[in-house]
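Read top to bottom, the protein sequences are chains A and B. Letter by letter, the first sequence follows residues 235 to 307 of my numbering. Letter by letter, the second sequence follows residues -13 to 523 of my numbering.
Worth double-checking, as some hints may not be accurate.
Just a few of them, taken from the derived set where beta-carbon distance is under 8 angstroms, the chain A residues facing chain B [claimed, not checked]:
id: 1; residue: 261
id: 2; residue: 267
id: 3; residue: 271
id: 4; residue: 276
id: 5; residue: 287
id: 6; residue: 290
Footprint (simulated), chain A over chain B, 3 or more residues, beta carbon under 8 angstroms [said to hold, decoys possible]:
id: 7; segment: 64 to 75
id: 8; segment: 79 to 92
id: 9; segment: 192 to 201
id: 10; segment: 213 to 227
id: 11; segment: 255 to 261
Derived by calculation from the structure, the hints in this document are not laboratory data. Each residue gets a CB set at the ideal place from its N, CA and C atoms; glycine is no exception.
Residues per chain, in single letters:
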Amino acid sequence: MTTRQPTPRSDRSPWNWLLIVPVVLPLLTFLFNSDEPRLFGFPLFYWLQLAFIAVGVATTTLVYQMTKKKGGE
Amino acid sequence: MQWTEIIIFGILFLGVSGMGFVAARWRRPKDMEHLDEWGLGGRNFGGWITWFLIGGDLYTAYTFVAVPALVFGAGAMGFFAVPYTVVIYPMLFLVLIRLWSVSHKHGFVTPADFVRARFGSPTLALIIAITGIVATMPYIALQLVGIEAVLKSMGVSGHWPILVAFAILAAYTYQSGLRAPALIAFVKDVLIYIVILAAVIYIPMELGGWGVVFSDAAAKFDATANPGDGILLNANNQLQYATLALGSALALFLYPHSVTGVLASKNRGVIKRNMSALPAYSLLLGLIALLGFMAISAEITPIGTDMNTVVPNLFDKMFPDWFTGVAFAAIGIGALVPAAIMSIAASNLFTRNIYKEYLKKDASPAQEAKISKIVSLVVKVGAVLCILLLDPSFSIDLQLIGGVIILQTLPSVGIGLYTRWFHRGALITGWVAGMGMGLWMLYNISAPATATKAAKPHWAGSNFPLEKFGLDTKMTIYVGLVAVLVNVVVTVLATFVLKAMKTTDGADATARDDYFVDEGDKDVDTTDPEKEPVSST
């Protein structure tokens, strides 16, 4: 099998490290295992974990936008 | 019998089934008699279709019924579905595009195809394929459990409606392949979004606000003798919560049906964009989970001991009949989409990695498509038998076991995308070790008797008490994660041993650059002489 690309391609980018944040954050139960403070009647446990969804979306969107041009995307 | 509900349910269900048959003509394939067309929808789905397809694939009817049922019964623990579906996308962001590229380049249809080429081992591929099929079967059966819960709430009893529903499903999957669930997924999601948004706005208002809903739930859990429930986690189940979320996320991507959805998309950008867009479903799932608390607050009781009827009963009590009919149709149709994709994925595994590998090496693409279509029928019959012959609670245990065993393909399929260092013999050894560990742990989980259920000495869930390892603690951990750790450690050690002994290893048919190709690259589709060229553009 021969390599036909003149320059080796890669998905590497420093931005990728950001993806660790939304992977680790929702697994740290001590951050959110509490009733107070409440938001719209939701205990912290529920509203903060729902808020992590937004963190996940923001991170993946940012990484996608920042790596789009470079990696041949 | 709730006639209004049944009529609305029936009309929507049949209308959608009609779409399933018409789907064969949607995005007209040049030649339907090819596995790329029947089994992967032409490998040409764009961002929107992929979003609906993978969404419909991962967030199943069973999820919509069982997650709130778990929250209803145990409280905070059931909310693990939210972190589970948050961590999965950033985790897979870089992994899936590699899988897509290498599969696009070599024409892989299943995860086992990849393993075969990467590690040069048809035996390892066979193990991966069988693991996938065995893990998927109870998952399909569980979709039936979702439909059955809805039917029970409408006052329809007996197994015949399930048989009819699955006969229809089997017929249009046979006819249209992956195009059917892709098209139906639109309708399913529109219905689900309408129903859930109505539910989370209207029901709490009726009950006196979210604050009341949560305090009613807290009061219920305080009154029970079970120390493991409550609207918050306790010191002993936090580890279980985090490991279950992480382990389930890893397992979900390894299921063959998720891979099918990913490979059907047309380029890397579609997958990356979907990793940002799919969490919209996670939000939906979080809100659905809270239906469990609303059911407590509304003083809903399940039918018999079937906890899965909690959500249907909640809708039945709170909504007008016609809207309940819509809600039930959403759940019923929600079962059809993943059931179709799962059976397609399982039949592709059989065709590619068992039939073509061992039974008929020179099978043409048309023969492959034909075999897959027939096997998809067999798989559904198997799933129906699971439901008819087994106690429903046992099918849920089977699904739990399924998650643990599919995780054992992680070193070959997941880590294998990044490194070729593992020896093929070591991967098989690791798989055996992980499987043994997982099944041993699951077997040794017992549950005490409760007010509604008898004591279970074995196979009672996936939360393994660490004290059985001799640790002085009451903490529990998710079986799957421990089993896969054992698997990885054994694979690493065995690789050292086999390499030291200079045992022959398989050849790697993939090259470094294969993991980066994208749609439109010139060097695609021409390399691997063993595989027929891919027909898509």
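Against the structure, the hints:
no. : hint       : result
1   : 261        : holds (4 angstroms)
2   : 267        : holds (5 angstroms)
3   : 271        : violated (13 angstroms)
4   : 276        : holds (6 angstroms)
5   : 287        : holds (5 angstroms)
6   : 290        : holds (5 angstroms)
7   : 64 to 75   : holds (count 6)
8   : 79 to 92   : holds (count 4)
9   : 192 to 201 : holds (count 6)
10  : 213 to 227 : holds (count 5)
11  : 255 to 261 : holds (count 4)
The structure fails to meet hint 3 from the earlier list, while all remaining hints are met.
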